[in-house]
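*Asks:* Protein sequences appear in the order of chains A and B. Take 1 as the starting number for the first sequence in my numbering and just add one per residue. Take 451 as the starting number for the second sequence in my numbering and just add one per residue.
Watch out, some of these pointers could steer you wrong.
[What the hints assert, rightly or not] Residues from chain B shown here face chain A by an in silico Cβ test under 7 Å; the list is partial:
| hint | residue |
| --- | --- |
| 1 | Ala487 |
| 2 | Phe489 |
| 3 | Ile577 |
| 4 | Met681 |
| 5 | Leu702 |
[Said to hold, decoys possible] FRET-style restraints, in silico, Cβ to Cβ:
| hint | chain 1 | residue 1 | chain 2 | residue 2 | range |
| --- | --- | --- | --- | --- | --- |
| 6 | B | Lys685 | A | Glu90 | 19 to 27 Å |
| 7 | A | Ala197 | B | Leu521 | 51 to 59 Å |
| 8 | A | Asn243 | B | Lys685 | 27 to 35 Å |
| 9 | A | Ala248 | B | Leu559 | 49 to 57 Å |
[Said to hold, decoys possible] Listed next, the in silico BS3-like pairs over lysine-lysine satisfying Cα-Cα at most 25 Å (straight line):
| hint | chain 1 | residue 1 | chain 2 | residue 2 |
| --- | --- | --- | --- | --- |
| 10 | A | Lys79 | A | Lys109 |
| 11 | B | Lys685 | A | Lys79 |
| 12 | A | Lys79 | A | Lys92 |
| 13 | A | Lys385 | A | Lys79 |
| 14 | A | Lys200 | A | Lys210 |
| 15 | A | Lys270 | A | Lys213 |
| 16 | B | Lys553 | B | Lys616 |
| 17 | A | Lys426 | A | Lys443 |
| 18 | B | Lys513 | B | Lys685 |
| 19 | A | Lys79 | B | Lys513 |
| 20 | A | Lys86 | A | Lys99 |
| 21 | A | Lys109 | A | Lys349 |
| 22 | B | Lys685 | B | Lys505 |
| 23 | B | Lys685 | A | Lys109 |
| 24 | A | Lys92 | A | Lys380 |
| 25 | A | Lys426 | A | Lys270 |
| 26 | A | Lys147 | A | Lys349 |
| 27 | A | Lys200 | A | Lys187 |
| 28 | A | Lys92 | A | Lys147 |
| 29 | B | Lys685 | A | Lys99 |
| 30 | A | Lys79 | B | Lys505 |
| 31 | B | Lys685 | A | Lys86 |
| 32 | B | Lys685 | A | Lys316 |
| 33 | B | Lys513 | A | Lys86 |
| 34 | B | Lys505 | A | Lys316 |
| 35 | A | Lys270 | A | Lys210 |
| 36 | A | Lys86 | A | Lys349 |
| 37 | A | Lys316 | A | Lys79 |
| 38 | A | Lys349 | A | Lys92 |
| 39 | A | Lys99 | B | Lys505 |
In case anyone wonders, no lab produced these hints; they're calculated from the structure. Virtual Cβ for every residue (Gly too), placed ideally from N, Cα, C.
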Amino acid sequence: MQKKKRFGIGGLAILLAVVMTACSGGGGGTTSGGDAGGTGGSGSGGGASTTEPSGGGGSTPQERVTIEYWHTYSDQEEKVLAEQIKPLFEEKHPNIELKLTRMPYEGLKQQVLAAVAGDAAPDLMRMDIVWVPEMAHQGALMRLDEKPGFEVIQSSVFDGALATNYYDGGYYGVPLNTNTKVAIYHKATLEQAGLSAPPKTIDELVAAAKTLKAQGKYGLGVSGMHSWGLLPYFWSLGGSLTNDDYSAVEGYLNSPESIAALQTIADWQKEGLIIPPLMGGEPGAWDGLKSGEYLMVDDGPWFYSILMNEADSPFKPMEETVRALMPAGPAGSHSVIGGEDLVIFANSKHPDEAWTFMQWMLTEEPQSIMATTGLIPTNKTAAGKIDPQSIPFIAEYVEQLNTALPRTPIPQWGEMETIFNLAAEKAIRGEMTAADALNDAAKQIEALLK
Amino acid sequence: MHTPIYVKALVYVLLVAGAAAFVFPLIYMVWTSFFTATFSLPRPDEVFAVTPNLKNYAIVWSKNNFSRYFLNSAFVTAVSMAGALFVSSLCAYAFARFPFPGKEALFRLFLLSMMIPAVINIIPQFITLQGLGLVNTYAGLTMVYIATGVVGNMFFLRGFFENIPKELEESVLIDGGGSWRIYWNIYLPQSLPAMGTLAIFIFQGTWEEYFLALTVIKSESLRTLPIAIMMFNDKYATNYGQIFAASTIALLPVIAIYMAFQKRFVQSGFNEGGIKG
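Chain A on its own, in the form it takes in the complex:
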């Protein structure tokens, strides 16, 4: 009897564990029980929970208004934001308080959608440029081009950066900062590859990678099986995703040039020239570059801003690496444009104050302050005044931006990217030919665009 019961519990426990992990949080309906715990919670937690019920309630026009701003700045960037930008703005606009909330990156899109659906979105958010068309399509964002003063912003920022906010005849955000990736080389490994300067072309880089392969090192820094990782090479090798106005995929994504580009990357992988992180291997791109095992990685300015902040690290990024434009292929040297836009949510409680902040944030001074962390300003004047002495790593990034290309700015980009990533992975893993994979993908994406 005793033994039997023990097994019963054990079995149940396992079953329960499985059930709990598989579909935890099933019945939200039993509120009768919830009340007991609920009031208990507010009883002792009340002190904390009443302190900040978010500045929605009771604001007459003259009162100080709190605007809430969600962001995903990194550690170093957040510091500058909280210690310099916020005080400066509040000093100039004493009637507005800027409430900063840093959001974790994990599951962020769902968070935003849940907040929008529940009418609990913040006033402002700094979001990845590729999200804006999709969020605008969902009706989550406020249209901005009819606001007073929009022309001022329009004329002060880079056209390419502003274009990422365009959706269905209007602008739903303003470009806050831009970035791209350049090639970063480990100096000592570069010498071992027999080069005195970074390779200018993909051919030179591939030759260097072949030399290094004999020494057990890797030369080609394709860092991940996703559009952000693959596109610089895909584009430089002549590939393309769509036509110029982003309306057709068939005949572009699966053009002979695109197929050849993807096939070339697949061949590199087959030869063992690409760094292991492409396939999820170790060490990671940064650690491999730091130790000199990898000749090259491509990455954004944060490579420097983060690693230069690691005080007790023996690795000195400025001394031990050298930057260059992405090596040029048949189509030239192309990198991918990244960056963030600033948006106002459609159900913002204080759209006017949010717009005031937005206009101010796009002016030269705050843009120049944020630039010290390696975030490249979208304000042309601020970008022109970047001091290469104080931000020593920035020049190559600014130059690369001249030929960097945007990811397809359409609401369907999220799904389109998934299809592209999968096709690329199948080709690179050798499960399909590049031609088959891209023909398939083009067909699927074309259906998505209809």
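Assemble chain B onto chain A, guided by the hints.
*Replies:* Okay, now just chain B, sitting in the frame of chain A:
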């Protein structure tokens, strides 16, 4: 029945190997937490080369409001655990002992609701809380934590309650006690092993819950521990030493709870002999 020594040895070797396999990830985590400025996981051959130090622990404890969130989580989890145990056991008691119309149908319906993935519930839950004015409060968060677990917990406890001999109940009735007394003095003490098991599950589930907490709680100062850990996962690069140090700290209460309740776990059946035959 004498087990030959070599069979015994073989069994021990297998057991030790099995234990090592299970405990290795944990050790790997703890040792990785000693690395500073590492942006990828150290390779197995590098892991043990590092000298144990508490640098990351010190950084982590004072960064991203970690200590604050730790206390927040402790509060939320304690309330949720107590509430969930109480409500679920009452519910299970009803289903185990009281006949009422539509009992089995209701029970099946409850079970059916367990099959809906949690993610799908997030937006309805959020909108419900919004309607009750409980967004950004611990009252709202703990309410959902308690409610979402009730069905599973009840399912688990019901079977256990049904195994408790009816005769014990009768002894209370003879002494003039009512249903509450039966629940409080018979069912709860008799089912401590099951309650202990549940407590561990509920604690773990609530302590590690990330997504709902982030959705419901809007103020940075009210956030819970899993959100703090996710904050170490920077947009551009992940400092694994810090993440693993944070995770190790977060794991300590789970281990403590497990050890506290583990006795109950193992001692199942201690109530045997409460009645004759």
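*Asks:* Determine for every hint whether it applies to the structure shown.
*Replies:* Verification of the supplied hints:
Taking 7 Å as the C-beta contact cut-off toward chain A, the hint placing Ala487/B at the interface holds, the least distance being around 4 Å. Interface hint at Phe489/B: satisfied, since its Cβ lies 4 Å from the closest Cβ of chain A, which is below the 7 Å cut-off. Because the closest C-beta pair between Ile577/B and chain A is about 5 Å apart, less than 7 Å, the hint holds. Nearest Cβ of chain A to the Cβ of Met681/B: about 5 Å, under the 7 Å cut. The hint holds.
About 21 Å separates the beta-carbon of Leu702/B from the nearest beta-carbon of chain A, more than 7 Å, and the hint is not met. A hinted range of 19 to 27 Å for the beta carbons of Lys685/B and Glu90/A is consistent with their spacing of about 26 Å. Separated by about 55 Å at the C-beta atoms, Ala197/A and Leu521/B satisfy the suggested range of 51 to 59 Å. Roughly 31 Å separates the CB atoms of Asn243/A and Lys685/B, a value that falls within the hinted 27 to 35 Å.
Between Ala248/A and Leu559/B, the C-beta spacing of about 51 Å keeps the proposed range 49 to 57 Å intact. The hinted pair formed by Lys79/A and Lys109/A meets the criterion: a straight-line CA distance of about 24 Å does not exceed 25 Å. A hinted pair counts as satisfied when its Cα atoms are at most 25 Å apart, and Lys685/B with Lys79/A qualifies at roughly 15 Å. Proposed proximity of Lys79/A and Lys92/A is supported: the alpha carbons are some 20 Å apart, at most 25 Å.
Taken as a hint, the Lys385/A and Lys79/A pair is honoured in the structure, with Cα atoms around 22 Å apart against an allowance of 25 Å. The hinted pair formed by Lys200/A and Lys210/A meets the criterion: a straight-line CA distance of about 16 Å does not exceed 25 Å. Taking the CA atoms of Lys270/A and Lys213/A, the gap is about 13 Å. The hint holds against a cut of 25 Å. Taking the CA atoms of Lys553/B and Lys616/B, the gap is about 19 Å. The hint holds against a cut of 25 Å.
Restraint check for Lys426/A and Lys443/A: the C-alpha separation of about 16 Å stays at or below 25 Å, so the hint holds. Only pairs whose Cα atoms come within 25 Å are accepted, and Lys513/B paired with Lys685/B is accepted, the gap being roughly 16 Å. At most 25 Å may separate the alpha-carbon atoms for a hinted pair to count; Lys79/A and Lys513/B meet this at roughly 12 Å. Proposed proximity of Lys86/A and Lys99/A is supported: the alpha carbons are some 9 Å apart, at most 25 Å.
Restraint check: the Cα-Cα separation between Lys109/A and Lys349/A comes to about 21 Å, which is no more than 25 Å; the hinted pair holds. Proximity of Lys685/B to Lys505/B is assessed by CA-CA distance (about 23 Å); at most 25 Å being required, the pair is judged to hold. Between Lys685/B and Lys109/A the alpha-carbon distance is near 14 Å, which keeps this suggested pair within the 25 Å criterion. A hinted pair counts as satisfied when its Cα atoms are at most 25 Å apart, and Lys92/A with Lys380/A qualifies at roughly 22 Å.
At most 25 Å may separate the alpha-carbon atoms for a hinted pair to count; Lys426/A and Lys270/A meet this at roughly 13 Å. For a cut-off of 25 Å, the pair hint linking Lys147/A to Lys349/A stands: about 16 Å separates their Cα positions. Proximity of Lys200/A to Lys187/A is assessed by CA-CA distance (about 15 Å); at most 25 Å being required, the pair is judged to hold. At most 25 Å may separate the alpha-carbon atoms for a hinted pair to count; Lys92/A and Lys147/A meet this at roughly 21 Å.
The suggested pairing of Lys685/B with Lys99/A holds, with an alpha-carbon distance near 21 Å, which does not exceed 25 Å. For the given pair, Lys79/A sits about 21 Å from Lys505/B by alpha-carbon distance, which is consistent with the 25 Å threshold. Using a Cα cut-off of 25 Å, the hinted pair Lys685/B and Lys86/A holds, with the two alpha carbons roughly 21 Å apart. Between Lys685/B and Lys316/A, the direct Cα distance comes to roughly 22 Å. Compliance with the 25 Å bound is thereby established for this hinted pair.
Between Lys513/B and Lys86/A the CA atoms are separated by roughly 20 Å; this keeps the pair inside 25 Å, and the hint holds. Note on Lys505/B and Lys316/A: the hinted pairing holds, with a Cα-Cα distance of about 20 Å set against a maximum of 25 Å. A hinted pair counts as satisfied when its Cα atoms are at most 25 Å apart, and Lys270/A with Lys210/A qualifies at roughly 12 Å. As the CA atoms of Lys86/A and Lys349/A are separated by approximately 20 Å, the hinted pair is consistent with the 25 Å bound.
For the suggested pair Lys316/A and Lys79/A, the alpha carbons sit about 22 Å apart, so the restraint of at most 25 Å is met. Proposed proximity of Lys349/A and Lys92/A is supported: the alpha carbons are some 21 Å apart, at most 25 Å. As the CA atoms of Lys99/A and Lys505/B are separated by approximately 31 Å, the hinted pair breaks the 25 Å bound.
In this structure, the earlier hints numbered 5 and 39 are contradicted, and the remaining ones agree with it.
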